Amino acid sequence: MQELITRAKELLSLGMVSRVLGWRAGDLSYNPEPAFFEKEEELGKLVYDGFCGANLSKYMIEASALPGKTLVFLKPCDTYSFNQLIKEHRVDREKAYVIGVGCRGKLDIEKIKAQGIKGITSVSDTGLNGEDEIKIQTIYGEKTCTYNSALLSRCHVCKGKEHKIYDELMGESRETKDAERFDEVKTIEAMSSEERFAFFQKELSKCIRCNACRNVCPACSCRKCVFDSTKFDSAQKANVDSFEEKMFHIIRAFHVAGRCTDCGECSRVCPQGIPLHLFNRKFIKDIDEFYGEFQAGEDIETKGPLTSYTFEDVEPGIVKERG
Amino acid sequence: MYKIRKDDLSALFRKIAGEKELYLPQKIGGQTNYAVWDEDAEIDLNTLKTVKSAKDAFFPQFETLYTCKKEGKKLQVEAESLKEKDFVVFGMKACDIQGVKVLDNVFLSEPVDSYYAARRAHGILVAMACHEPEESCFCKVFGLDAADPSADVAVWMIGEELYWKPLTEKGEALTASVQELLEETEDAEKKVEEEQVQIRKIIDVLPYSNLSLEGWNGDATKDRFDSPVWETLYKPCLACGTCTFVCPTCQCYDIKDYTTANGIQRYRCWDSCMYSDFTMMAHGNNRNSQMQRFRQRFMHKLVYYPANNNGMYSCTGCGRCVEKCPSSLNIVKVIKAFEEGGNKA
Amino acid sequence: MQIKEKGEWKPKIVAFCCNWCSYAGADLAGSSRLSYPADVKIIRVPCSCRVNPMFILRAFERGADGVILCGCHPGDCHYSTGNFYARRRMTLLFSMLNYLGIENGRTRVEWVSAAEGAKFSQTMNEFVEKIYSLGENVRLGDLRCKN
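Residue numbers (the numbering used here), protein chains in the order written: chain C, -9 to 313; chain B, 226 to 570; chain V, 7 to 153.
Hint data in this document are derived by calculation from the structure and do not stem from the laboratory.
If you're wondering where the values come from, they're calculated on a predicted model, not measured in any experiment.
Honestly, I wouldn't trust all of these hints.
Just a few of them, taken from the derived set where beta-carbon distance is under 7 Å, the chain C residues facing chain B [claimed, not checked]:
#1 Pro24
#2 Ile110
#3 Asp218
#4 Pro261
Negatives, chain C to chain B, calculated, CB over 12 Å [to be verified]:
#5 Lys77
#6 Glu302
#7 Gly313
C-beta atoms are modelled at their ideal positions from N, C-alpha and C, and glycine is treated no differently.
Work out the full structure, taking the sequences as your base and the hints as a guide.
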């Protein structure tokens, strides 16, 4: 972490960048927030630990409009989102100085709390060089949990520790992948139609339409979302009928289909714990099967699967044939 | 005071639900929220905070106000009927109860909101003391006592028993209706006092319990509104509505029409000051940047509301926004930011 | 006709037809006196790729029991490539609806040229049959539109 701060200060003082986009230490031991730093002395508060799950690439849209370069710290999976934003001309590569930071998987505070750990007052080092066992001081005594047991679910199906775009790299990554990316989708596909309907009905009924999934999503970068239109008679802020939550989540997932890098931010931020990645991952799986493997954000040139075609593409009837 | 064994609680809930609608915290799809009791409900009284507050029971996220139907050339307007039956909300914490008081000031002052008033008149609140407060709690800052919540009935979960104390006439009536399941007890006062001492001890050492509200009051409008602190503070905000929707006191709503098969349904739903169409008018929007909308939320809670309600804050320190904000931004960070830089600025 | 005997419930079916082929195909079916059920409501679109997933969901929201999209045969699009894009979009959308537990047969895509009046009529007859066999759409509609 100290290296990050030192390097950021250096680049600021050399005038190579005008500001730094990173994470600022929170007031609790697990709630750092995304932040812009413009002065060297502010950088003392920069932090990079296990709780820095937030993907900063979307903030680069805003930073691209500012004068000067912005130094941004991107984790391996964040670089896919950043690439995708470059491809869509939403961020300016020339305005960014990307430091690819290592990653050992990021933590989900909910998973720590689910282990009965509450009243947290401090957490041992969860940085890149931290121990595998996390020591947590709470009002109710000292508790421990393993780093692995508290990983965000997306980290268990990590796409890899390679940065797809960077100007320089810092910090060693650690492998966290221990599950197959499409296993959850396959489990649902194996259910009967009735079971699938009941499953999604139950999950989506929790939706409070806070729009956190949309607003955090690097692929959801429309200046004005169709759901925010005042001429649209479905509410964008309430599910008056259960149809509305389905409509919102299907349309949102469809709109990012072929552009979603599977960064998992939607599921991370959902206050109701809805596994929203299951929508996006279904599209990714289908795209892979129908049109050949494709990873959004892998590079900045390849055409997306929904903006290209071949004469021999499968017919929509295949869905019925597959059952 | 009365007591009942925890094992007998399901009988108690069944009994209450037999006569009245009963809202209580349930685990649904892995998340604990208030919902109406039924036989299959997975009741969860151990989770300290439900994701959403109990606000829905009195001021639901959406409710129909009236329906217009076209029949031939006639237009029929049908107002939604008001709540007519008593219902019970079980397990509200001190912060949730305070949330209802905040809403009362808004909806029960003239002009009275009849939908809300009907629900308040028929609602029976059973408050539960917080057995193990957590680090995101700061109700003490607003003068609340999580160990001694005041509602129609107060309950304490101690060991294998639940202690039950009616506090109002409504509470007495509810108690009478379930009397056969409750056991009158002598040692209760002592046990509850011990539990209260224990709870208060924990609250005293919570990280946010010493938060200072200095400078936040009804007279601070100019000072706070013009502060440059907002300009940097709002930056991580994603403009989602999580904080407003989990909040027990956020009371802004929007009224919308939905075109049905042959008419219009007019409904109201919660609004969020974080949204771009908040208070949208014919001429457009008077808060056209996220900074302004962000500022509105905290100014409303800590300055405007106290100015109009004898100094009462419109935050109860429940800490839900602390736990749920996707960007880890929250009212505590706002208050602290002003402590550090804002008061001087 | 056979269909009328099937009881009171009548399905609502929305057919999005591209202006250049399928809509003309429907015209030809009409002028050739080939019948297709009146439950099918045709909405003319400039190209099959004009149909955005929101249209399909919107139709279901407002009470459709089945939605069918008809366009020019692949390779024959008036705008050269529109239907290729539509094909990918609809494949993915239908797969998603199936994944969410919406019955498979409620959505369909068929390529119908301006010369295929008979195919148009046959497709619509088949599709309506299918919707009758599936019954009323209860999984993907807005209850407010039912009354």
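Any hints from earlier that this structure breaks? Give me their numbers in increasing order, please.
The structure conflicts with no hint, since it agrees with every one listed earlier.
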